[in-house]
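S.K.: Generate the whole structure from the sequences, applying the supplied hints.
Quick note, the sequences are listed as chains H and B, same order.
Counting in my numbering, the first sequence runs from 1 upward without gaps.
Counting in my numbering, the second sequence runs from 1001 upward without gaps.
The hints are simulated quantities; they were obtained by calculation from the structure and are not laboratory data.
Check each hint, because a few of them may be wrong.
[Unchecked claim] Not close to chain H: a few residues of chain B, all C-beta gaps over 12 Å, as computed: (1) Asn1135; (2) Asp1357; (3) Ile1511; (4) Asn1603; (5) Lys1604; (6) Asp1607; (7) Leu1640; (8) Arg1660; (9) Gly1665; (10) Ile1859; (11) Ser1893; (12) Pro1908.
[To be verified] Below, a sample of chain H positions facing chain B; criterion: calculated Cβ distance under 7 Å: (13) Thr140; (14) Gln238; (15) Tyr313; (16) Ser314; (17) Met321; (18) Val324.
[Unchecked claim] Computed Cβ-Cβ distance ranges for the label pairs, DEER-style: (19) B:Asp1835 <-> H:Thr151: 52 to 58 Å; (20) H:Asn162 <-> B:Ile1185: 18 to 24 Å; (21) B:Val1151 <-> H:Glu240: 43 to 49 Å.
Computed from a prediction, not measured in an experiment: that's the story for all the values here.
Backbone N, C-alpha and C fix where the C-beta goes; we use that ideal spot for every residue, glycine too.
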Amino acid sequence: MPKGAIGVIKMRMPPFKLHTPNSLEDALEIAKSIQSEGGDFDWIAGGTDLLPNYKWHLNPKDNVISLAKIDVLTKLSPTHIGAMVRIQDLAESGVTHPVLVKSANSIASVLIRRSGTVGGNICLDTRCYWYNQTEDWRETIDWCHKCDCGTGADCRVIPNQNTLCVATYQADLAPVLMCMGAKVHLISAEGKREMPLNDFFELDGMTRNKLIPGELLTHITIPKDISNWSGDYQKLRQRESWDFPEAGVAVLWKKENNKLKELRVATTGLESIPGYHDELASNLIDGWNGKASISLLSEQIRKAVKPVQNTWYSTSYRRKMVRVLTKRACEGLLEV
Amino acid sequence: MPKDKKKEIVGYRQQSGKLSFSRPGSGGKNSFSEPRNEELIPESQGGEKKQPWGGHRHDELITGRVVGKSTSLIDSKWKVTGKAKYGDDIRLSNELIGKIIRSPHHYARILSIDVTKAIELPGVISIATGQDASNKFGVLPVTKDEHAMAVDRVRHIGDLVACVAAEDESTALEAVRLIDVEYEILDSIHDMKDGLNDSNEPIHDRGIYHIGEANIQKRVFQEFGNIESMETNSIASHKKNWFFNGVNHAATEPHAVVADWDPSGRLTLYTPQQVPHYVHRALADVLEIPMHQINVHRTFVGGGFGGKSDPFPHEMCASILARKSGRPVRITFDREEVYWINRGRHPSHIEMNLHADQEGRLCGIQTDALIDGGAFASFGHVTTYYNGVLHTAPYEIGAFHYTGARVWTNKPASGAMRGHGAVNSRCAVEVGIDDISEKLNVDPISFRLANLLPPNSATITGFRVTSIGMRECLERVMAESGWKDKFRKLPLGHGIGIGCGFFISGSGLPIHWDPNKFPHATVHLKIDMDGGVTVHTGAADIGQGSDTVVAQSVAEVLGLPLDMIRIKSRETDTSPVDLGSYSSRVTFMNANAAISAAMEIRNKLLDATSKITGAPLKKLVIGDRRIFRKDDPAVGVSYLEALHKSQEEIGALVASGAYRTPPMGRAHKGAGAGLAPAYSFSAYVAEVKVDIETGQTKVKKVWAAHDCGKALNPLAVKGQIIGSCHMGMGQVLSEEMRYGRTGNLMNTDLLDYKIPSVHEMPEVVPIIVESNDPEGPFGAKEAGEGPLLPILPAVCNAVYDAIGIRCDELPITPDRLYKNIEKKCRKLKITDPLDLPSPRLELSELQLKLEKRANEHKIRDIKRRNESKIEPYHNGALFGLDPTIPPDEIDDSWKVSVLPSEEYLQNPRLAGRAWLHAERRHRGD
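M.R.: Written out as structure tokens, the structure is:
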């Protein structure tokens, strides 16, 4: 039986080489050279997600490239959020949309928000009861699909399958940014590309998103008219601090002449990727009927999400609460 | 006093070393006695102070210095400046790092352990396995079932298999990887109900004392009182099957230990232990060396709560590795290992039945508790009793029927945790009383007030209860919380609830010896020319302030400021044996010992003063560093003058004081469990808000009254009350050790083990009730564990008041509560939970009857606590029996029985099924 991540000396924190480039170009260069030598690496931003995972020997790499010294990534304006903007700075900046502020302020604790970054939060690793455990613990279940230590182990949540990872995406910023119509801007040695945040995620707890090896998220842009939008973010968790969302619902809407023009809903904490429920929301605009439409929407969102049993609360409870969270997030819609 | 001199004193406490040494004989910085606080001078010293609860034997020792005054703990500066050295802060030169190889299986036989690859790894110095230490140990001498490392089989994931010491941590971890262990996996048991059945491979074998072939570690059967008629006499009954999930102490500091053998062959073990004496004994057993070859050095303890009170296998491992390698070995746990060693509160199935008769009396309590001990016995023998006997008070009851069983399962061992054994069943009783009061249409506080035992009474199981402040606790929380305007009157989603508690103030029987042979606690004092008092005590300060309370006691008796008292409590080499910090015994027993030692010194000082001044002994009193005539304060000497006079012939003064419990209790099997020289009482009211759509419960405010006899340090008592609320709130709302479908413990870290954060913490209003216990030091009783009990039922009852739902599983996480909300909605055919009805109360005629009885009892109680000659009062008087004689001696229908009848065994309850097995010795094999 294999013990421990293969080829890695078992320390609390596995040893890795830390690279600290001063510019994007240098960072991409380093990434490329590591890749060309067949090496592997992780980007590190705030480190509040990566380092605890490393400490537990969850897929650690030999090289870590820090983005801390790249100033261009920290730019923050109403329409531009650099990947390295600290979550607390985002919340306190005064230029951030209030719904985004609310979701930012709900993340972990102040200490973690001061380290954690916007880019890090969007690219947060997925979480699972059978995965986010120490190495000794995971050995007792013969590992799992997401960190199989070379054994080809099964998924422990849904047994007898090792193709799809169902670890849960538990980050708070993405659903709000999705509703805002944010775009992500990526860069790699091959060049730049951009895409709507809605298209950024890929349904698998291991792949998680469209970033290719060597590529990184530089910033997010937000449409200019966002100030005309209102909305809310509702989050379910046991404690009002520290805990990751067991479910999160963001709702944003735009009214014209006191009439609902556009409505967007996104969810988090329920599947391997955040969910953007475009049609469910927009289909309701035409015959919008206040409370009744909200209940219908809430019920439809509940049906649309398929959580699995790998976080603190039971799946049935999380689904039922999606309905309540959606309803609460829509409460502002009832105001005249 | 000249102004500049005054200046010198200001702030001297903050400037270590700046205080100039006083001229001998000067009586300290101030050669005059300070004017005493008149209000603190008791009658005995010419003062006005009356004791509202009657006089106390320590009254005449009160000098008005420190007792009763809020004092920061004397070791707090070490902690806030980072100077305190906890277990892992001990760094000895040339140390090795030890790591433990743990079982990845729930239950398996060890076929072989191959260490050859590991021992060849450069930097690995020594490796030990179960073969290195085959002697068993355990915290209780009757249930030694642990080894330093597994000898033949591993009994839970995380059980110790081997250990290795290496030059550094990474080498040690690498060596762990290189040790190959071959296992044969055995069928593991996870559901405690399965533990009641016969098994092919019982987790332990107790030889002739084994119960059947089952995994039953301990079983208890007790019947007291009028069992026959409790159901026939009842007009309202409560029945509920509870499940309490296990919880862990989650102390801030994970376990850590350093072992060091000195060149003379003595072992010093540095460990954050609550009970250094037990580990001292266990080490001697396991290492096969005499106790005098071992010095247990208690480091600062970063929180214990019962989780550091067993002798632990890793302490043995460090000692064995250090012996093998000839170098100090340090082992520090990861948080995950803390959960594997556990000793937290038992997961429990408790069936609670209560019966009330037409007079509104509790005519019967029937409890059945099956508790999940995990893989080892630990304190479980006692826990099994405590789940029953600790809810026989504060109420007078007609009958008490208890069946309890503790089973071994393949989980981390449960053990003692703050409120040991009493917490879960107390919650069940108090929720039951709430329910029964509702069925009787009476106010639950009135019901309680009309059913309390009086001071100086005996419970149905024969416990001697001395001081009782229960009534005052209830009255205070009722008044301060605005109970009458809120109870059953708040809108849906808002609720208020009451819960009470009763806890031992020191376990009456020492585990290892006859209390008539050795005392429970001993304190030594030494005073030399400098006037400072060195106190040697074995009591373990685990953050609760035991050093402070001993210092306060000595300072009070000798009239000295706290900074003249130095506590030496760390090493077994220099401390007299003390049973340690568990069962809420330290203040009661150790401070009593300290007071008697200080009295010896006090007498010497008074003698000397009498010789110098010629004043008669009877006229002398002690003030601030000065001894003088009570009637003429100008005639007197400074403390140092008196001290030096008494040192003339003998040099340094030494004194020894001890405390032992008085004889008490009855004679039935198990009568010793739950006996204590005094008991604490508490009553809490909690106000909650329940989010009906999500099931989330938020505690808004808690009014917490605790009878601690006498608050020697009110600041510390309040801290204990608030801390207890926090810990209890964790158990009732969010904390649980959650086992997954594979039997694995899923949340071995502090992100997923949900301790309430500051956001969840309500405002707590601590209310101290002082019942002035006749035997407690200056009247004090415990305040460390009892305050935890009432918060659980108070919250459960408040949740009921808010939404009319009685939970039967703790913690009441939102998903569990929501399930119940849905169930109730279905039952009432309501679609929106926001339409649920709020519980309301229409008082019945019985209410008036209860209020009248409560008033009569209040007069009775005040009379009883002030009487000089107290008539006996046995539980049963409320039911019309002669209070002066134990009821089973006068009434045939009242009985005492500790063995189940054939009839009971026809249809036993859950834990009662443990009695279906015969012990091997009775089977004849």
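S.K.: State for each hint whether it applies.
M.R.: Hint check results:
Separation of Asn1135 of chain B from chain H is adequate, the least Cβ-Cβ distance of about 27 Å exceeding the 12 Å criterion. No Cβ of chain H approaches the Cβ of Asp1357 of chain B within 12 Å, the least distance being about 42 Å, so the stated non-interface status holds. The claim that Ile1511 of chain B is not at the interface with chain H holds, since no C-beta of that chain comes within 12 Å of its own (minimum 34 Å). With 12 Å as the threshold on Cβ separation, the claim that Asn1603 of chain B sits away from chain H holds: the shortest Cβ distance comes to roughly 56 Å.
Separation of Lys1604 of chain B from chain H is adequate, the least Cβ-Cβ distance of about 56 Å exceeding the 12 Å criterion. Non-interface call for Asp1607 of chain B relative to chain H: holds, since the shortest CB-CB distance, roughly 60 Å, exceeds 12 Å. A cut-off of 12 Å between C-beta atoms confirms that Leu1640 of chain B is not in contact with chain H; the least separation is 51 Å. Here Arg1660 of chain B stays apart from chain H, with its beta-carbon at least about 46 Å from theirs, past the 12 Å limit.
The beta carbon of Gly1665 of chain B is kept farther than 12 Å from every beta carbon of chain H, the shortest such distance being approximately 44 Å. Ile1859 of chain B, annotated as away from the interface, keeps every beta carbon of chain H farther than 12 Å; the closest lies near 48 Å. At roughly 49 Å from the closest C-beta of chain H, the C-beta of Ser1893 of chain B stays outside 12 Å, upholding its exclusion from the interface. With a least beta-carbon separation of about 33 Å from chain H, Pro1908 of chain B lies farther than 12 Å from that chain, consistent with its non-interface assignment.
Because the closest C-beta pair between Thr140 of chain H and chain B is about 4 Å apart, less than 7 Å, the hint holds. Interface restraint check: Gln238 of chain H against chain B, minimum CB-CB distance 5 Å, threshold 7 Å, status holds. A hinted interface residue such as Tyr313 of chain H counts as satisfied when its beta carbon comes closer than 7 Å to some beta carbon of chain B; here the least separation is about 5 Å, so the hint holds. Below 7 Å, beta-carbon pairs count as interface contacts, and Ser314 of chain H has one with chain B at about 5 Å; its hint therefore holds.
Given the 7 Å rule on beta carbons, the hint for Met321 of chain H holds: about 6 Å separates it from the nearest Cβ of chain B. A least Cβ separation of about 5 Å between Val324 of chain H and chain B falls short of the 7 Å threshold, and the interface hint therefore holds. Between Asp1835 of chain B and Thr151 of chain H the beta carbon distance is about 53 Å. The supplied range of 52 to 58 Å therefore holds. In this structure the hint that Asn162 of chain H and Ile1185 of chain B lie 18 to 24 Å apart at CB holds, the actual value being about 23 Å.
Range check, Val1151 of chain B to Glu240 of chain H: about 47 Å between beta-carbon atoms, so the 43 to 49 Å window is met.
Checked against the numbered hints given earlier, the structure satisfies every one of them.
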